[in-house]
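Protein chains in written order, with this note's numbering: chain X, 1 to 477; chain Z, 1001 to 1507; chain D, 2001 to 2096.
By construction, these hints were calculated from the structure, which means they are not laboratory data.
Certain hints may be false.
[Stated by the list, open to error] Far from chain X by the CB rule (all over 10 Å, computed), these chain D residues:
#, residue
1, Glu2002
2, Glu2005
3, Gln2006
4, Ala2012
5, Asp2022
6, Ile2025
7, Asp2030
8, Asn2042
9, Leu2067
10, Asn2079
11, Gln2086
[Unchecked claim] Which residues of chain X face chain D? A partial, calculated answer using Cβ under 7 Å:
#, residue
12, Ser13
13, Phe136
14, Ser239
15, Ser252
16, Phe298
17, Tyr309
18, Gln334
19, Leu361
20, Phe364
21, Ser368
22, Tyr371
23, Arg388
Beta carbons: idealized from backbone N, C-alpha and C, even for Gly.
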Amino acid sequence: MFPFSSIQAYQNSLSSGIVTCVDTVTHYLQQIGNNQQLNAFIEVFADEALEAASLLDEKRKQGKPLGKLHGVVVAIKDVICYNGHKVSAASKMIENFTSIYHATAVEKLLAEDAIIIGRNNCDEFAMGSSSENSAFGVVKNALDESRVPGGSSGGSAVAVQAGMCMVSLGSDTGGSVRQPADFCGIVGLKPSYGRVSRYGLIAYASSFDQIGIFANTIEDAALTLEVIAGVDDYDSTVSQKEVPSYAALLDSDNKKYKLAYFKEALENEALDAEIKQQILSFIALLKAQGHTVEPINFEWLDYVVPTYYILTTAEASSNLSRFDGVRFGHQTAQKNIDLTELYKASRSEGFGKEVQRRIMLGTFVLSSGYYDAYFTKAQQVRQLLYQRSKEIFADYDAIISPTVPATAWKFGEKSDNPTAMYLADIYTVFANLVGIPAVSLPLFKHSNSMPFGLQVMCSHFEEVHLHQLSKVLMHLK
Amino acid sequence: MAFFIAFIYSNNKFTTSPLLLSLQIEMTNISDKYETVIGLEIHAQLQTQTKLFCGDSIAFGAAPNTHVSPITLGHPGTLPKTNKVAVAYAIKMGLACNCKIERDNYFARKNYFYPDLPKGYQISQHTTPICVGGYVTINTSTGQKNIELNRIHIEEDAGKSMHDLDEQFTCIDLNRAGTPLIEIVTEPCIHSSDEAFEYVSEARRLVQWIGVCDGNMEEGSLRCDANISIRLKGATTLGTRVEVKNLNSIRNVKKAIEFEVQRMIEIVENGGTIIQQTRSFDASNDTTFSIRDKEDANDYRYFADPDLAPFHLTESFIEDIRKSLPALPLQLIQQFQQSFGLTIYDANNLCADTATAEYFLEVSRYSTHYKAIANWMLGPIKQQLNETAKDFSTLLLLPQTLAELIAIVEAGKVNFSVASYKILPELLNGNNSPLAIAEAMNLLQVSDTKELERWIDEALEGMPDKVAEYKRGKKGLIGLFVGEIKKISKGKADPKMVTTLLQEKLK
Amino acid sequence: MEVTEQLVDKLAHLSRLRFSADEKIAIKNDLQNMIGFVQKLNEVDTTGVQPLLHMGDANNVFRADELKGSVTREAALANAPIPDNQFFKVPKVIKK
C-alpha cells in the first residue's frame, strides 16, 4: 500500500477506507525511525502528528468537508515557523527558539488538513549547497550515504526521497530546492517570486527567497502549491494575482512547445560530460515529439553566480542582524564585557563558519567605498538579466537546462573551497535573480548510479504552463 | 584684555564700573566676531493608532512590552507592512510646510546594532524622503523669516533602553519600537538660540494644529536634536559641527545652543579646535557633555528594503490630503489681526492651537467685543484651564455664554473682577446664564447715584483723617476709598462711577 | 583588490563578529577568494542601466491603521535569554 503513487491515490484510499490517517502517520514515523542515520529530521512531532491524524480520521467519519491536503503528511524545512514549535535554521544561534506564530504557508497547510510530521535538517540559515553546514550534523543522500543530498534543503529532499513523508516544504534562494531534488531524484519546485508568502520563512535573501515544494510527482507539487500560494496580509511582497487551480490544470492537450536552452550552459566546462550527453539526447527526443528546442545565446552565464552572491550576502548580512542574543537566541555566557563585546561573542559563538563568511562578504559589498562597485553594480546586472528574461519568454514557452553541472558529490569533496561550491549553483540562480518559477524533474540516471534532473523554467506567474510542460516531460521518460 | 582684568581685581569692587562695562562690551565684541549656524532635526511621533509597520498600539503609558507583536520583536521570518495613515500624515505635514511631495517612494534599511533596535536595522526613508524642501515661517524680532527645510521623511522609532532600573542589567521596553515618526530637518539656516526657540515652537504648533502629532515633549512625542557650529562672520564654509541630542523641551533647545556656542567660542578663542562629536544636554545645569566622538561613527550601509514594495503617490491622493488641511496658524493670525483688530500678541496666543482658535471664532459670532473676548480667553479662562489641565475643546462654558458675560460687563452691569471671580467659576461648571447667576448672587452692579452716594458717605465717614490727607494732596488715597466702598457695597458698587463721584465730592 | 587585516577588522566590527588570530587569517583568505570571485562583474558594461531595487510585481501595498497581531507580554518574553517578567535585559554596559 505505501508508498502511494500520489496524493490523489492516497486520498482515494482514505475515502474508501483502505487506510486511515493514523495508519499513514504510523507508517511514516516508522520510516523516519528506520532512517535516522540520514539525519533528515531535526525534530519529529510524533505524538502531535498521531493526534492530528486521529482527529482527521474522525472528521472524515463524520462526513465533514475535507481539506485539499486532507491527511497528507508533510515535513517542513527548519526555517519555516510553526507556532509553539522550535525552529532553529539548523543553527546554534537559535537552537532553543520556539516560534510564537505560524508561517502563512503553515497556516494554509493546516487549514487544508495536512499533517506536519517534523522539521527537516538543512544548511545553516539556508546557506549552502550540500546540507553539510548544519550545526546538527550533515544530511545523507538515501541513494548513497557517502554522498550529499544537496542543499540547502537537503533534509526536506531526503524526507521525500526516502519515503519519510509525502511532500515537504523547503526554501529556494539560489537553487536550494531544485538542486537537492536533482541530487535525490525527486521533483523540486520553486514558484515565482511573490507567489507564496514569505511571512514565517526565516529570511536569507529577501528578494530571492521563496518557499518551495518537494514531491514525488508534479501533480502532488501542483496541488501543494495551490494550497500555500496566494495573498497574505503580512507580506508586502506577495503578488495579488489570483491563484489558479493548479491541480486541475495539468493537461496541455497535446500542445507542442517552443523551448530554449542556453548554448553557454551546455558548453560550460564544469558540466559533466554524461549529463550533457543525456540532456542532448533528451532534446533530440523532444524534437522527435514535435516540440521546438533551440539554443539561444546567454552571454551572461559567467556573471550570474557573482551577481547572486553579492546581492544575497548583502541582504543576508542585514537580515541576520536581528540575531543578537537580546530578545531571543544565544547570548554568550561571558561576563563583564561591554555591549559590543556581548554582541560579538554571542554572534560568533552562535553562527557557523559559512554564515559568518557570508555576513562578512555582505557587509563588505554594502560598506562605504565599495557599495557602488559591488552592490549597485550587481543590481544593475540583475536589471539586465531581468530584461533578458522578458525577451526570452516573449519568444519561448520555457527554458530548459541541466539543474546542476554534476551529480551529488561525496562528503567533504567541496567543503574546503566555498567558491567552488558556489559554482554548483550556476544553472539555478538565474530563476531567483529574475523571479521566475522553475522546477527540477527527476528524468535521468547517471552511470554512477546517481540521479540527475532537467530544470524547466517558465515566465513570471506561468506555473500552470510549467506544471503542464513538466507533466509532458515526465511522461516522455 | 588682561589690563582690564588686572584693574578690576585691584579695585576689588564688582560694581557696574565703567571698566567692568567695557569688559562686558569686549566679550560681546568677541561673540560678535562669530556667526552661529544651526540646523535642527525634529522627530515627531505620528498620532496614528498603530505602529508604522505592524498593528501594535502606540498609546502612551502602557506597561512595558505589552504593545508588541512578532514583527515588533524582530522575530525570524517576520515582515513589515506600511501603515497608510502614517504616510498620509507625513504628506499632510509636507503640504503644511510647502514641501515638494515625492511621487515615487521606497524605504531603506539603516543598519546598526543597539538593544532597542530589534531588527538590527531601522526602516527609514533617509535616502529618499517623501517631502523635499519646504519652509516654516517664524516671527523674529526683525520680522518674519522662513526657516528652510531640507526634508521630511518617515521612519520607525526605536524602543527604550533604561539603565537605571536594575543594577546589573539594562532593561529594554519595545512598546515604542516601530512607532511612526516623521523627521523634519532644517537647512543650517538658523542663526541664534532665539530663532531656534521660535522655530521649534512653531513646528510644534504646526504638527498639533494639523493633527498629526500631539507635540508632547515631556512624553517624547516630539524630540529635537541640534547641529551647531560657529564660524567667523563673513566666512563661507561651515565650521566643525557638533550634534546635541536629548533636548526634550523648547527651553532646553535654547539653553543648549547658548551653552554650546559659548563653549565653542571659548575653544576657538583659546586657539583650540572643535571636535566633531555628539553631545547630550544636562538639564540640571544647562550644560552639554560629550557622549560620542566621530571616530565611532557608523557606516549605516543604507539599501532599499526588499521587504517593502515601492509606492507611487497619485495626484488625487495628495489632493485629498491637501483638502483636509485646516487654515494654518499664520494665515489665521493675519486674519485675526485684520478682521478683528487684534494685536499680533493676542492673535498669536489665540492661535496657540486649533481648539483655542476655533473657540475664539465661535465667540466672535455672538460678540463684537473682540479685544474683550481675547482678554477673557487669555486671562481668567486660560488660568482656570491651566489649573485643571483642560483645554478649550472640553470647556463647558459655551461660546455664546461667554459672549453674554462679556456683554453684561461691557454694559456695566457687573465689573470685570466680580465677573471673573464670582460668575466665571459657575459658568465653567456648566451653568449657562451669567445674568441669572449675577442676580441670584446679588452681584449686579449698582450704578444708581443715590445708592452710591450712600456708600461713599458711609466709607468716608469711617476714615476722616484719610479724607483730610487726600484733601491735602495725597490723591493716591482714592484707591483706598474705592476699595473700602467696594467692601461696604459687597462689590456691587460700580468702581468707575464711584471714582468719578468721589473725585467730585472731594474736590 | 587586496583584502587587508584592517578591512577585516572593520567588517568584523560592523557585523559584530570577532575572530581569533587563526580565524582572522582564514576569513581574510576566504574574503580575498570571494571578493576575487565576485569582481568578475567589472567585465559587464552597465552604463545607463537602472539598478533593480525591488523584485516582484507588488507596489502601493499598505495596511489600514488598525490594531492587529499583538501578543501577550508572556509570549514576547518567552524566548528571552535573561528571564524577566517585564523587560528584555542585557548585562549593563561597563562605563569606561
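Okay, the hints, checked on the actual structure:
1. The non-interface label for Glu2002(D) is consistent with chain X: the shortest C-beta to C-beta separation is roughly 13 Å, beyond 10 Å.
2. Every beta carbon of chain X lies more than 10 Å from that of Glu2005(D), the smallest distance being close to 13 Å; the non-interface claim holds.
3. Its beta-carbon lying about 12 Å from the closest one in chain X, Gln2006(D) satisfies the requirement of being farther than 10 Å from that chain.
4. Against the 10 Å criterion, Ala2012(D) falls within the reach of chain X, whose nearest CB is about 7 Å from its own CB.
5. At the 10 Å boundary, the C-beta of Asp2022(D) stays outside the reach of chain X, the nearest C-beta of that chain being 12 Å off.
6. The beta carbon of Ile2025(D) sits about 13 Å from the closest Cβ of chain X, which is more than 10 Å, so the claim that it is off the interface holds.
7. Distance to chain X contradicts Asp2030(D) as a non-interface residue, since its nearest Cβ pair spans about 5 Å, not more than 10 Å.
8. Its closest Cβ contact with chain X, about 8 Å, brings Asn2042(D) to no more than 10 Å, contrary to its assignment away from the interface.
9. No Cβ of chain X approaches the Cβ of Leu2067(D) within 10 Å, the least distance being about 13 Å, so the stated non-interface status holds.
10. The Cβ of Asn2079(D) does not lie farther than 10 Å from every Cβ of chain X; its closest approach is about 4 Å, which violates its non-interface assignment.
11. Listed as outside the interface, Gln2086(D) is consistent with that label: its C-beta sits roughly 14 Å from the nearest C-beta of chain X, beyond the 10 Å cut-off.
12. Of the supplied interface hints, the one on Ser13(X) is violated, with its beta-carbon coming no nearer than about 39 Å to a beta-carbon of chain D, more than 7 Å.
13. Because the beta carbon of Phe136(X) sits about 19 Å from the nearest beta carbon in chain D, more than 7 Å, this interface hint is broken.
14. With a cut of 7 Å, the hint placing Ser239(X) at the interface with chain D holds, because the nearest CB-to-CB distance is about 6 Å.
15. For Ser252(X), the interface hint is violated, since its Cβ never comes within 7 Å of a Cβ in chain D; the closest pair sits about 25 Å apart.
16. Because the beta carbon of Phe298(X) sits about 13 Å from the nearest beta carbon in chain D, more than 7 Å, this interface hint is broken.
17. For Tyr309(X), the shortest C-beta to C-beta distance to chain D is roughly 6 Å, which falls under 7 Å, so the interface hint holds.
18. Look at Gln334(X): its Cβ only gets to about 9 Å from chain D, farther than 7 Å, so that hint breaks.
19. Interface hint status for Leu361(X): upheld, as the beta-carbon distance to the closest one in chain D is roughly 5 Å, under 7 Å.
20. For the restraint placing Phe364(X) at the interface with chain D, the shortest Cβ-Cβ distance is roughly 6 Å, inside the 7 Å limit, so the hint holds.
21. At about 10 Å, the closest approach between the beta carbon of Ser368(X) and any beta carbon in chain D exceeds 7 Å, and the interface hint on this residue is violated.
22. Against a cut-off of 7 Å between C-beta atoms, the interface hint on Tyr371(X) is violated, since the closest Cβ of chain D lies about 11 Å away.
23. A cut of 7 Å between beta carbons decides the hint on Arg388(X): the least distance to chain D is about 12 Å, and the hint is violated.
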